[in-house]
Amino acid sequence: MFKCSKDALSGILAKIAENASLYVPADNKDGKAVYTKWEDGIELSNQLNTVKSPKDFFFPQLEDIMAFKVEGKNIELTDIRVAQEDFVVFGVRACDAKAFEVLDNVFLVDPVDSYYAERRAHGVIITVACGKPSETCFCQTFGIDAANPGGDISVWKTENEVFWQSNTEKGANLIAKLGLEECGEDAVNAEKEKINAVLAKLPLAHLKSDAFGGGKTLELFNRPEWKTLSESCLGCGTCTFVCPTCQCYDVKDFNTGNGIVRFRCWDSCMYSDFTKCAHGNPRLSQVERFRQRFMHKLVYYPENNNGLFGCVGCGRCLAKCPISMNIVKVMKTLGGNA
Amino acid sequence: MQKITRDVLVEKAVSLLENGTVGSVLGWRKGEFDYVITPAVFTDKADIEANFVWNDFCGANFSKYLVKKTINAEGKILAFLKPCDTYSFNQLLTEHRFDREKVYAVGVPCEGMVDIDKIKEIAGDGISKIECGDKIEVSTIYSDEVVKIDAKDVLEGRCLSCKSKKHVAYDELLGEEGEVLESNRFDEVAKLEAMTPDERFAFWQNELSKCIRCNACRDICPACTCETCVFNNPNSGVENKAAANSFEEKMFHIIRAFHVAGRCTDCGECSRVCPQNIPLHLLNRKFIKDMDNFYGEYQAGAEVGSRAPLVNYTTDDIEPSEVFEGGKE
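Chains as they are written, first to last, in my numbering: chain A, 13 to 350; chain B, 3 to 331.
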């Protein structure tokens, strides 16, 4: 365990930024927290959640995969990737850090997604424990400890000090360069207790995931409640695009007029052309699309990933859905622990 | 003006259901927290009594739901409409998007709806309870103190420039009728017009660069009722799930604004639902202001069947060259 004073934090961040691009949550002019490239004088946001999750750093909304030209019977392929630079993301929450594990299980298993893997290899994640969770938080439901966040380095902020702990080799290498003071764990343990006391008071503290998980498909798939739950769903992509774990994408070709650029972009299971194939679309109504999103997070994903849920309880969809329908209402309705 | 309470709406809904006037009720259902509501169709008295909500957070405009919900509805649907919702209601009728005979519209007076983000700026995060009465009383898990807020201080942006308290469509009205207001809604447009072209370009470049193409603005919009949007149609040639560059990003919003020009009633739902807080309504409002200037004042949805300026040729119409020059002297 290492520490520095709160006043020294900005100097430490400057040191990190000397060797890598550093991104921190800062308020934009609408007062919303967004990950922003660090520069001297930038103020860290006091807000809990960024509007978009840090998933973009590894799985950007839009990315060019390759370019090609067709001349006669020849196809000329060009790898248009630029070399990935080292970068550090500071201020990631426990839930968002856990979300990287959800994404890793998809992109880093055979066949490995080299675009994602390259970014993961070059990125260092510094998490910060949640001193002030929101009413929309429910990471506890999925066994995530907001007082003890993951990532390469975990950080706790107390009134006057900032504590640093490395969790990986990457994290240890970075901390070694920062000139932090070595210290005991008492202050951090006290802070964890404080956070746990707050977590127990959250309105969603008692939400349980017991009714969901692998093997529940037949039990849940035909439940009549899906119809009423989805009846006012607009079919927009807000929940999927603010979600830290949604990982579906589409691959498309863009005709530049001078060859083709093949790109991938986030897709949303809420959209009418999602997974549309030659034969048509497997999910024709919004009920089916809506069910797919929640069954994927709560049943199919854990079934294929040793029980790990595809939701981390960050609460972004609770805050942003235009009609205020969300995974918590789905769980309470289908899981019977309202 | 006396605020209409939830009990009045519940009583109305239950009596119309029980006497067979309507078969279902389109209304606001209790959400996960006291400050959120979910649009829902109620068919059951007990369900209405337990879960129907009417409070300072019922901003959602339900008119568009009538397009789909009236198709297979048994009996009439009771729709509660705030004044601004009635303009969308009329506009949809003008476009023949639903059958008027299938709806029983009840007008509800509105004193403006509130914005939870503004409440959180005052009361803080971690809300455990909100009660709407004369004041909005907010409790949080971080304080024992109940913060009391005047709804007037935390109104949604669009309600601060409300254009009308008058219902332009209903079968029955609860409470007193209001007036069309002298609104300040074009002040924000005037600010944009006062910018230099470069400043204005930079303004929109910055705002629209935040777009994540979730399509919430389009999908909530009561003027966007195409069965398949051109941007979702693979055969249209402009299908566009993600913008290839910032030019395309702007094109989506500008084309959408053109498509709803003359049909947009300025209900403000687009800006309300935008997860990135882009002031999308300003594009539409600029068009409304220009049409007012070029063709005379016109309010979409003010009456059923009116011809919008852009689809109504008259010999007095302004010449395109004059439009380009910014209007007649």
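Incorrect hints may appear among the rest.
As the list claims (entries may be wrong) - PhoX-like, lysine-lysine: derived pairs with alpha carbons at most 20 Å apart:
1. Lys131(B) with Lys144(A)
2. Lys44(A) with Lys137(B)
3. Lys212(B) with Lys213(A)
4. Lys131(B) with Lys49(A)
5. Lys32(B) with Lys131(B)
6. Lys213(A) with Lys131(B)
7. Lys137(B) with Lys5(B)
8. Lys32(B) with Lys341(A)
9. Lys144(A) with Lys5(B)
10. Lys239(A) with Lys144(A)
11. Lys144(A) with Lys120(B)
12. Lys220(A) with Lys169(A)
13. Lys137(B) with Lys341(A)
14. Lys213(A) with Lys18(A)
Since the hints were derived computationally from the structure, they do not count as laboratory data. Just so you know, these numbers come straight off a predicted model, no measurement behind them.
These are the hints, each one checked on the structure:
| no. | hint | result |
| --- | --- | --- |
| 1 | Lys131(B) with Lys144(A) | holds (17 Å) |
| 2 | Lys44(A) with Lys137(B) | violated (27 Å) |
| 3 | Lys212(B) with Lys213(A) | violated (34 Å) |
| 4 | Lys131(B) with Lys49(A) | violated (37 Å) |
| 5 | Lys32(B) with Lys131(B) | holds (13 Å) |
| 6 | Lys213(A) with Lys131(B) | holds (13 Å) |
| 7 | Lys137(B) with Lys5(B) | holds (12 Å) |
| 8 | Lys32(B) with Lys341(A) | holds (11 Å) |
| 9 | Lys144(A) with Lys5(B) | violated (36 Å) |
| 10 | Lys239(A) with Lys144(A) | violated (36 Å) |
| 11 | Lys144(A) with Lys120(B) | holds (18 Å) |
| 12 | Lys220(A) with Lys169(A) | violated (29 Å) |
| 13 | Lys137(B) with Lys341(A) | violated (28 Å) |
| 14 | Lys213(A) with Lys18(A) | violated (27 Å) |
The structure is inconsistent with the numbered hints 2, 3, 4, 9, 10, 12, 13, 14, although it conforms to all the rest.
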